[in-house]
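Please put together the full structure from these sequences, using the hints given.
So the mapping is simple: this note's numbering equals the position in the sequence shown, first residue as 1, plus 30.
Calculated from the structure, these hints are not laboratory results. Keep in mind it's a predicted model, so treat the numbers as computed, not measured. Please note that the accuracy of each hint is not assured.
What follows is a list of derived Cβ distance ranges for each label pair [to be verified]:
(1) Glu50 <-> Glu139: 31 to 41 angstroms
(2) Glu50 <-> Met145: 30 to 40 angstroms
(3) Glu139 <-> Gly161: 35 to 45 angstroms
Don't be surprised by glycine CBs; every beta carbon is placed ideally from N, CA and C.
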Amino acid sequence: MEKTDDILIDQKGASQQFTEEQQSVLKTMDKWIKAVTTTDPETVAKLYAKDAVFWGTVSPFLRTTPQGTKDYFEHFMGLEHLNAIYYKPMVRVYGDIAVNSGYYTFFHEKDGKMMSIPARYTFVYRKDSDGEWYIIDHHSSAVPQNV
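Shown next, in the form of structure tokens:
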């Protein structure tokens, strides 16, 4: 995926023009991706509003507290050599609320082999009085295998 100031080009070369507001949402997504691949769950948790609700990709439990979100990422960040990319974001902005749906893939090492977890996501953000977007709802699930 290649990113310029106002155009995101996905893996298949298709491009989508984003407004300034949509770009600001994508900057929050960039922060999230970067934070997830660190070893500091507190950094990720700070991107979530205190009243956020979160379904993690690799957990059956709904997280409804800042501590629950932090606990999830403490476990998730334990994956060896964790990395992630997101692609095909669909960003809609409705005033101080924004929705971002798309795909991401997490990569990690297990028993000396690189593993991938392709998933789909929906993030709902609220713009706070500080002008920053905070995650208020996040749902992530593994992409279903072909049946």
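Violations among the numbered hints, reported as their numbers in ascending order: none
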